[in-house]
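Protein chains in written order, with this note's numbering: chain A, 33 to 317; chain B, 33 to 317.
Think of the hints as simulated: they come from the structure by calculation, not from any bench.
Treat the hints loosely; a few may be bogus.
The list makes no distinction among identical chains, and a pair is therefore deemed to hold if it is satisfied within one copy or across any two copies.
[Stated by the list, open to error] Straight-line alpha carbon distances no greater than 27 angstroms define the calculated DSSO-like cross-link-like pairs of lysine-lysine that follow:
id, residue 1, residue 2
1, Lys-104, Lys-152
2, Lys-104, Lys-221
3, Lys-87, Lys-193
4, Lys-104, Lys-73
5, Lys-249, Lys-193
6, Lys-221, Lys-193
7, Lys-193, Lys-104
8, Lys-249, Lys-261
9, Lys-261, Lys-193
10, Lys-104, Lys-217
11, Lys-88, Lys-221
12, Lys-217, Lys-87
13, Lys-73, Lys-88
14, Lys-261, Lys-152
There are 2 protein chains.
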Amino acid sequence: MGVSAIVGLGNKSDIDEDDLLTFFEQDDNTEVIAQHLEDLKDGRAFAEVARRVSKKKPVIVLKAGRTSAGAKAASSHTGALAGNDKIYEDVFNQSGVIRARSLRDLLEFARGIPVLPTPKGENVVIITGAGGSGVLLSDACVDNGLRLMSMPEDLDTAFRKFIPPFGAAGNPVDITGGEPPTTYKNTIKLGLADERIHALILGYWHTIITPPMVFAKVVLEAVEEMRAKGIAKPVVASLAGDVEVEEASDYLYRHGVPAYAYSTEIPVAVLGAKYKWARGAGILQ
Amino acid sequence: MGVSAIVGLGNKSDIDEDDLLTFFEQDDNTEVIAQHLEDLKDGRAFAEVARRVSKKKPVIVLKAGRTSAGAKAASSHTGALAGNDKIYEDVFNQSGVIRARSLRDLLEFARGIPVLPTPKGENVVIITGAGGSGVLLSDACVDNGLRLMSMPEDLDTAFRKFIPPFGAAGNPVDITGGEPPTTYKNTIKLGLADERIHALILGYWHTIITPPMVFAKVVLEAVEEMRAKGIAKPVVASLAGDVEVEEASDYLYRHGVPAYAYSTEIPVAVLGAKYKWARGAGILQ
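The shape of chain A in the complex, shown without the other chains (with noise of 0.2 angstroms):
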């Protein structure tokens, strides 16, 4: 991913978070900001400057000193009263902030967040040649506050026709393990192609009849077809399998898909930080 710039505030004896939000919020270069605090030092011109800002720019922020001995080692480190982490929550909250939890989040959503087109509304299906994986996904939707749309007997039909008799359709899509190249195809750009439908979280399971650079291109076919029809969504992929997978996620998130190997949690999470933002900056309701 590019960095524009990084800024260390030191004691922020002069210039603080709020200062640095109103220049990044004008600065060309700079299309998403991510800030690790400790504390805020006027919370309330903070939360002022990041109403404003998180509606152009996502702002994302790792509050350390969430937890008592965090909050201590904060006041040891640089003298930072890291206070009560329910009020952090409540000022995050309401100016359209993105949290993230650990590090490893702050960076990922930083870098995943400009790649995923804005969805259009909370309609989510997962489409997955993997029913296990089916069902971590589904958990880690409802833990990063997404919905699984429910689905219409129509487009259940329509899903049906494409996948075997003991695969289920419902929502996640479920095509079973052994399909060959253009179940995946069909699937994912009729899920791209319905308007019902406003984001896709892809299962992929490593096979011989479709091995993960095949099921690779085969997802950038059915997105870039679609993309010329002008119809853009955010699609996010979690791969397993063997080594193969690494490379297939790279090239995935290469050209616009976030993807991600042996875990079904850090692609949906990138997809919630994603839409938390789009709330928060009120494009969704």
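Following the hints, complete the assembly by docking chain B onto the known chain A.
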């Protein structure tokens, strides 16, 4: 990591989870048992067997279908009755099972637990070259049920001898970011040597004075000098910096110190899993 066996249980019409626990309990090639499951058909039998087996070998479980959406997906997938998650939580807790919250945690716990020596007590100390990491590592300790040792005065004084006056002793021991390899080595050796300390969490910050591989080698020198004296304590590390920290993390891991680049949470979660096992097995009260 080595894999002694992979078993897919299908629809469990005959063999189920507790049968496999009984089998792998006796298998000399198996040190850790990691299970992904959507339901337990006989929770009572599982609890009984798991309680026995987990005293000998760590049992890690990723339970899918934690949420209502996940449970619904599990029902479509395998017909599993994913059930009330609270009950599963109780069953796992009572039987000494370590619960993984994600696929990655399942894999990281299975890899890290057998590498770490079993701790002899609850006193955890953080030694960090980055104060900011120290705060995040402290938060992670609380999240993972680890207790930061309250630093006795004499030990505080002993640590202070090695660190600059603007560093912070207490716990985390913040040696500050500009220190040479000897400061890392002296403080780590002290942490390993003192009987009141039972586990170490290391925070590393990439500097020119102590580059990543130099840090890694210094850590291992300290660990191996102490091992030669019969002292073996669990040590995990979090490395922040440029890509060189990836190589340093791999090197540390291969030599018995689970280490992670760009993450403060995962190393602490792995140590927390080891503690959870040791408590469940009755080794730690």
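When no copy is named, should Lys-249 and Lys-261 be tagged within, between, both, or neither for a Cα gap of at most 27 angstroms?
within (19 angstroms within a copy, 56 angstroms between copies)
Give the relationship of Lys-261 and Lys-152 under a CA distance limit of 27 angstroms: within one copy only, between copies only, both, or neither.
Intra 16 angstroms, inter 63 angstroms, cutoff 27 angstroms: intra-copy only.
Within, between, both or neither: Lys-104, Lys-73 at alpha-carbon 27 angstroms:
Intra 17 angstroms, inter 46 angstroms, cutoff 27 angstroms: intra-copy only.
Is it within, between, both, or neither for Lys-221 and Lys-193, if the alpha carbons may be no more than 27 angstroms apart?
within (13 angstroms within a copy, 65 angstroms between copies)
Is it within a copy, between copies, both, or neither that the alpha carbon of Lys-193 lies no farther than 27 angstroms from that of Lys-104?
Result: close only across copies, 22 angstroms inter versus 59 angstroms intra.
At 27 angstroms max between alpha carbons, let me know whether Lys-249 reaches Lys-193 within a copy, between copies, both or neither.
For Lys-249 and Lys-193, the Cα distance is within 27 angstroms only inside one copy (22 angstroms; across copies 59 angstroms).
For Lys-104 and Lys-221, with the copy left unspecified, which applies at a CA distance of at most 27 angstroms: within, between, both, or neither?
Result: close only across copies, 25 angstroms inter versus 52 angstroms intra.
Evaluate Lys-217 and Lys-87 at a C-alpha cut-off of 27 angstroms and name the case that applies: within, between, both or neither.
neither (35 angstroms within a copy, 48 angstroms between copies)
Lys-88 and Lys-221: within-copy, between-copy, both or neither at 27 angstroms Cα
This pair counts as neither: shortest intra-copy Cα distance 30 angstroms, inter-copy 50 angstroms.
Within, between, both or neither: how does the pair Lys-73, Lys-88 come out at a Cα-Cα threshold of 27 angstroms?
For Lys-73 and Lys-88, only the intra-copy Cα distance (24 angstroms) is at most 27 angstroms; the inter-copy one is 51 angstroms.
Up to 27 angstroms CA-CA - Lys-217 versus Lys-104, copy category
Result: close only across copies, 25 angstroms inter versus 53 angstroms intra.
Within a copy, between copies, both or neither: which one fits Lys-261 and Lys-193 at a CA-CA cutoff of 27 angstroms?
The answer is within: 23 angstroms in one copy meets 27 angstroms, while 68 angstroms across copies does not.
Hint check: violations occur at hints 3, 11 and 12; the rest are consistent with the structure.
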